[in-house]
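When you line the sequence shown up against the UniProt record's numbering, it's residues 1 to 759, in that order.
Warning: the hint list may mix true and false statements.
Unchecked claim - Derived lysine-lysine pairs resembling BS3-like cross-links, with alpha carbons at most 27 Å apart:
1) 159 <-> 67
2) 237 <-> 263
3) 162 <-> 45
4) 159 <-> 90
What the hints assert, rightly or not - Cβ pair distances, simulated, as ranges:
5) 305 <-> 434: 24 to 34 Å
6) 231 <-> 176: 37 to 47 Å
7) 369 <-> 231: 46 to 56 Å
None of these hints come from the bench; they were simulated from the model.
Think of the CB as a built atom: it goes at the ideal place given N, C-alpha and C, for glycine as much as any other residue.
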Amino acid sequence: MKTRITAILLFTLVVSIWIPITPVEASSCGSHTDNGNGTCTAILKPGPEGLDAQIDQSFPTTNYGTKSTTYLGTRSPSAYPGGPYRGLLKFDLSSINGNVLDADLSIWEYQYDNYDNYGYFYRVTSDWDENTVTWNTQPSYNGTLITSFLFTTYRNYTKTTKDITPIVTDWVDGTYPNYGFYIRGSNEGAWTRVWFPSSDNATAAYRPELVITYEPSVGVGMINVSVNVSNVAPIFKSGTDVYEDPTSDSTSPTDEGTSVTFKATAEDANEDNYFLIICSSNAVTAEGGTGNAPSCDATEYCVSSSTTAASGSEVEASCSYTTTGAEAESNDWYAFVCDDVTGSICSSASQGTLVDGSESPFKVNHDPTFTALNVDGADDPGGDVVFTATASDSDTDGTSDIVQMFVCDNSGATSSGCNGTEYCSSTSVASNPSCTYNYPSVVEDGNYTVYGHVFDSHGLASASNPQTVDYTVNNVAPVVSNVIVNGSSDITLTENTTTSVDITATVTDNNSCEDLVTVESSLYRSTITYSGCDLDAEDDDDSCYAQVTCTVDSGTCSNNTDAIATYTCTVAVQFHADPTAANTEYPAENWLATVNAVDSALSDNTESAAGVEMNALVALDITETSISYGAVNAGGDTGATNQIVEVTATGNVGLDTDLNGNGDGMCISSFASPSCPAAKVDLNYQEYAAAGFTYGSGTDLSGTATELELNVPKTIDTGSIVIGAADTYWGIGLPGVITTGSYYGETIITAVLGETAGW
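Let the sequences and hints guide you as you build the complete structure.
Here it is as structure tokens:
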């Protein structure tokens with residue numbers, strides 16, 4: 001008889017062959033052991049190609065498809081994180097063709113602690129992938145227990161075998177799809193971990209083993225059939241073509257230094273993998289040999305990795321070419337697909353057919369040239385300068401490129417502008433872009449570095465970015481204004497000491513108030529003028545107080561963007577400073593102040609718009625506080641012997657004096673006013689004069705103030721202080737009859753503004 005046998009061969013070619021066989025006599029065990037009694041034995045003990053995996057709840061996204069052991073149970077979560085562990089195990093039963101008589105599963109148990117745990121085996125009910133399965137993606141399983149293995153105390157790779165004929169029978173005859181076993185420990189508490197080697201274990205003897213005895217189906221035999229199938233070239237998949245992604249055309253060219261990417265999908269009648277290769281010419285060489293990519297006869301832009309072309313599962317291939325700038329603007333390309341087999345063949349060329357800019361050629365955008373950044377000069381605060389770039393772009397494909405410049409601080413820039421501070425930006429021009437920078441109204445003088453960045457009309461930066469140049473802000477002189485002396489009030493001095501006089505002013509410097517180095521003031525009598533009182537050497541404390549340091553007022557000049565500061569200059573004016581009031585030496589004058597502000601190179605000074613008067617200070621001091629006439633007889637006098645009292649000027653004028661006695665005379669024992677309670681010496685018995693005299697020729701003292709033309713000079717500064725001083729002379733006579741005793745009285749000496757001629 002003749003029986004028709006159908007076999008599926010390499011290259012998915014279906015071949016039908018009629019050959020004569022005798023079903024009863026032909027061996028139908030194939031590669032399995034023929035037991036000689038009409039049965040076959042298959043020993044399935046796969047290596048790393050076997051399908052098994054561990055899953056771990058503690059690491060739910062980790063795949064353990066290549067782990068050499070399969071853990072069950074749990075370690076100590078606190079000491080050794082891990083678990084519960086479970087396993088998946090599947091045997092390939094596609095070679096079993098017939099009635100299963102017996103199926104025995106063996107694993108090699110390992111347990112090194114003093115506890116028992118069972119490995120429970122269940123039927124998996126959904127598909128899984130050894131290389132991707134994790135705890136989170138584990139398959140479902142049926143809860144009916146198929147078999148169990150006892151892992152008892154101290155087992156060291158001990159072989160244990162279980163009969164699983166029913167489930168293997170169900171898988172072979174198609175009752176259930178074969179998704180393998182789901183394995184878990186009966187106890188998943190702490191310290192329950194056991195394990196057995198997987199198909200990836202280095203010791204082949206310990207790998208899981210399934211032994212199946214079966215009776216092959218009657219009338220079915222296995223023979224080896226071969227056929228030579230000719231290789232054909234792959235082609236670009238119907239309805240598709242090669243393309244650039246993104247497009248590289250005149251509107252959106254590929255910037256030099258970046259990549260143009262080519263993509264295509266091929267189909268292959270032999271379902272071979274394929275390479276996509278992009279060449280500069282219509283010529284390609286297939287290298288042949290699996291894994292050997294083709295090569296271009298001219299310039300090779302790129303070649304993809306080996307890519308799947310299996311029917312219905314075609315994968316798009318891609319490759320990229322990184323431009324260097326040495327390319328022309330427009331570059332033709334030719335795409336080929338070549339199969340990845342021995343005897344490789346390539347397709348005919350394609351240059352793309354989409355007509356959307358993604359077809360050949362690809363366009364390269366070259367960076368603009370930028371050789372220098374220039375500035376037109378310097379200006380004052382509030383002025384401006386012009387920056388000009390020596391720059392252009394030679395690209396002309398489509399529309400000639402134009403260039404734009406941004407002038408920035410050193411933070412860099414993009415085609416949208418500066419990343420940091422932008423000083424100015426140009427419009428887009430064919431070459432040499434320029435822009436104007438307006439200085440702030442307040443800015444410190446000096447040189448400032450800026451950074452020029454040039455971009456073309458496609459946003460590509462020049463490789464020469466940035467170019468630098470320094471611009472200059474000129475130093476401008478400060479301006480002093482609003483100088484006021486003593487709050488515009490006349491100055492009243494203090495006897496025999498100094499008086500603080502404030503001079504205030506406003507100083508403006510458009511290079512910033514912080515640019516000021518010194519601010520000083522001079523206070524002087526008006527005819528002295530500032531030129532006579534602008535140096536310390538000209539100080540004399542009578543008419544000139546030069547170079548008094550000023551201090552900036554709190555709350556002004558807070559930072560270098562402030563131009564204006566106010567200052568206060570405090571002058572310690574001596575008590576003898578020249579008065580300018582009426583009846584003094586300088587009644588037609590007043591006191592003025594000039595404030596001088598100096599920056600790093602320039603200065604300005606301004607005098608107060610209005611002067612103030614220095615009031616006359618009429619004041620004296622006496623060196624003796626008592627006069628003792630000594631012992632005088634009744635009816636006698638002091639004759640030519642005088643008592644002297646010195647009078648000094650402690651103000652700013654020359655003096656005369658008013659003299660008078662207090663009360664009605666000198667009282668016995670102690671002074672009393674207004675009259676003596678007992679014996680007295682009348683006031684007129686005392687005499688005085690501005691020079692030495694003999695008693696009887698002096699002026700009698702009275703109770704009424706009487707001016708003595710003493711002519712005390714004004715205290716002056718001649719390099720040192722010269723105190724104005726003059727003496728008064730005193731004598732006394734006594735009546736012929738007077739009570740014996742000591743008599744006491746008081747004399748009042750009052751300062752009087754002296755005539756200027758006596759100063």
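Requested in this report: Output the numbers, in ascending order, of every earlier hint that fails for this structure.
Outcome: Going through the list in order, the structure violates hint 5 alone and respects the others.
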